[in-house]
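Listed below are the residues making up each chain.
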Amino acid sequence: MKKMLTLVVFTMIVVATQAQTLQSLFEKYSKDERFTYVTVGSGMMNLASNFGIKNKNSKLMASKMRSIKILTLENDANSPLMKSVIQDLDKIIEVGKFETAVEAREKAEMVHIYYRVVEKDNADMLIVTKERGELSLVWISGKMSKEEMMNSFSQNGKTNMDAAS
Amino acid sequence: MESINELLERYFSGETTLAEENQLKLYFKCQNVLPDHEIYRSLFEAFDAELQDKSANPTERVQPVRKKTTRIWIKTFAYTGIAATLLLTLWIQRSQESKNYAMVGGKRIQDNEYAEKYTAQKLNEIHDLLHNSMKPINSIEKVRNGLQPIHKLESVKKTINRIEN
Chain B
473 MKKMLTLVVF TMIVVATQAQ TLQSLFEKYS KDERFTYVTV GSGMMNLASN FGIKNKNSKL
533 MASKMRSIKI LTLENDANSP LMKSVIQDLD KIIEVGKFET AVEAREKAEM VHIYYRVVEK
593 DNADMLIVTK ERGELSLVWI SGKMSKEEMM NSFSQNGKTN MDAAS
Chain H
39 MESINELLER YFSGETTLAE ENQLKLYFKC QNVLPDHEIY RSLFEAFDAE LQDKSANPTE
99 RVQPVRKKTT RIWIKTFAYT GIAATLLLTL WIQRSQESKN YAMVGGKRIQ DNEYAEKYTA
159 QKLNEIHDLL HNSMKPINSI EKVRNGLQPI HKLESVKKTI NRIEN
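Chains B and H, in that order, give the protein sequences. Reminder that position 55 of the first sequence reads as 527 in this note's numbering, one-by-one numbering, no gaps. Reminder that position 134 of the second sequence reads as 172 in this note's numbering, one-by-one numbering, no gaps.
Heads up, some of the hints might be wrong.
Unchecked claim - Pairwise CB distance ranges (calculated):
#1 H:E179 to B:E620: 18 to 26 Å
#2 H:K190 to B:D593: 16 to 24 Å
#3 B:N594 to H:T118: 46 to 54 Å
#4 B:S496 to H:F115: 21 to 29 Å
#5 B:E606 to H:L124: 19 to 27 Å
#6 B:K618 to H:I147: 52 to 60 Å
#7 H:N162 to B:E620: 17 to 25 Å
#8 H:T114 to B:N550: 24 to 32 Å
Said to hold, decoys possible - Each computed DSSO-like pair below joins lysine-lysine, with the alpha-carbon atoms no more than 27 Å apart:
#9 B:K555 to H:K113
#10 B:K503 to H:K113
#11 B:K602 to B:K579
#12 B:K555 to B:K615
#13 H:K155 to B:K503
Read the hints as simulated data drawn from the structure, not as lab findings. C-beta atoms are modelled at their ideal positions from N, C-alpha and C, and glycine is treated no differently.
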């Protein structure tokens, strides 16, 4: 019985240390000097005003967002580091049960938007942009339903941020 | 004499009360015990002696010997619990620190404004990318709007047919 318990605890520790999550990915690369990492936890309303968002719904959406984390890597597209990050990211998207919401490409620029609803109204949105020599990961988490999250970046094919323009 | 006989009879039948038993004990302790009752004196003296011996040397309560391994497990769980609590406290303290910051070149920049501006800039870039990619959808929308009169023709045709009939 004790051996069994030890084995279970050991297995749990191994799994916990090996299984990479979005959080661990951001933590891992945020300390790397080749990356730029920015996190915004509060003051979402200020951010909304930066966009010039005056719409009530958009302000509500901004208030529902808990945090925005951005990880940017400026490096050659074929560099081992870039490939390693993309590899890690692909694994997380697969294991983390993210669903693809938008996949857009314009010339060499690509945008992928993934989302998942973890618990009740606990959503994660991951925006991955790939440009020439630059990879950006934007992780937005908030307390909103799937529909609210989808509406936050898409309204009749336009992003909600269009309120700014 | 008769009452003692009666009490003795009830005593051996197990019908006496505690008070009656004490009465019998007191009777056999005193010197004027009737010769007919002398045979029972040794019995009551023996009970009394045993009672005194018990009160002088009460039975020792034997504690079950705990195995050393059980103690080790208890200690392990206790230490793990303490460690987990400490980690949780540290984590809560860390999470309560300002959430708006940037990491550039491995250095932490604790500047709300910078973090928010950087985030806004990144989101604007994503917005532009998406907006450009979604242009064909907007065009489709325009074409659909432009085709609205053709859909109306169908209803006009139906109305004409109805009038003709």
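So, going through the hints one by one against the coordinates:
1. H:E179 to B:E620: 18 to 26 Å: The hinted range 18 to 26 Å holds for E179 of chain H and E620 of chain B, with Cβ atoms some 23 Å apart.
2. H:K190 to B:D593: 16 to 24 Å: violated, 42 Å
3. B:N594 to H:T118: 46 to 54 Å: Since N594 of chain B and T118 of chain H have Cβ atoms about 28 Å apart, the given range 46 to 54 Å is violated.
4. B:S496 to H:F115: 21 to 29 Å: holds, 27 Å
5. B:E606 to H:L124: 19 to 27 Å: For E606 of chain B and L124 of chain H the Cβ distance comes to about 40 Å; the hint is violated.
6. B:K618 to H:I147: 52 to 60 Å: violated, 34 Å
7. H:N162 to B:E620: 17 to 25 Å: holds, 21 Å
8. H:T114 to B:N550: 24 to 32 Å: For T114 of chain H and N550 of chain B the Cβ distance comes to about 49 Å; the hint is violated.
9. B:K555 to H:K113: The given pair, whose Cα atoms are some 46 Å apart, is violated under the 27 Å limit.
10. B:K503 to H:K113: violated, 36 Å
11. B:K602 to B:K579: holds, 11 Å
12. B:K555 to B:K615: violated, 32 Å
13. H:K155 to B:K503: holds, 21 Å
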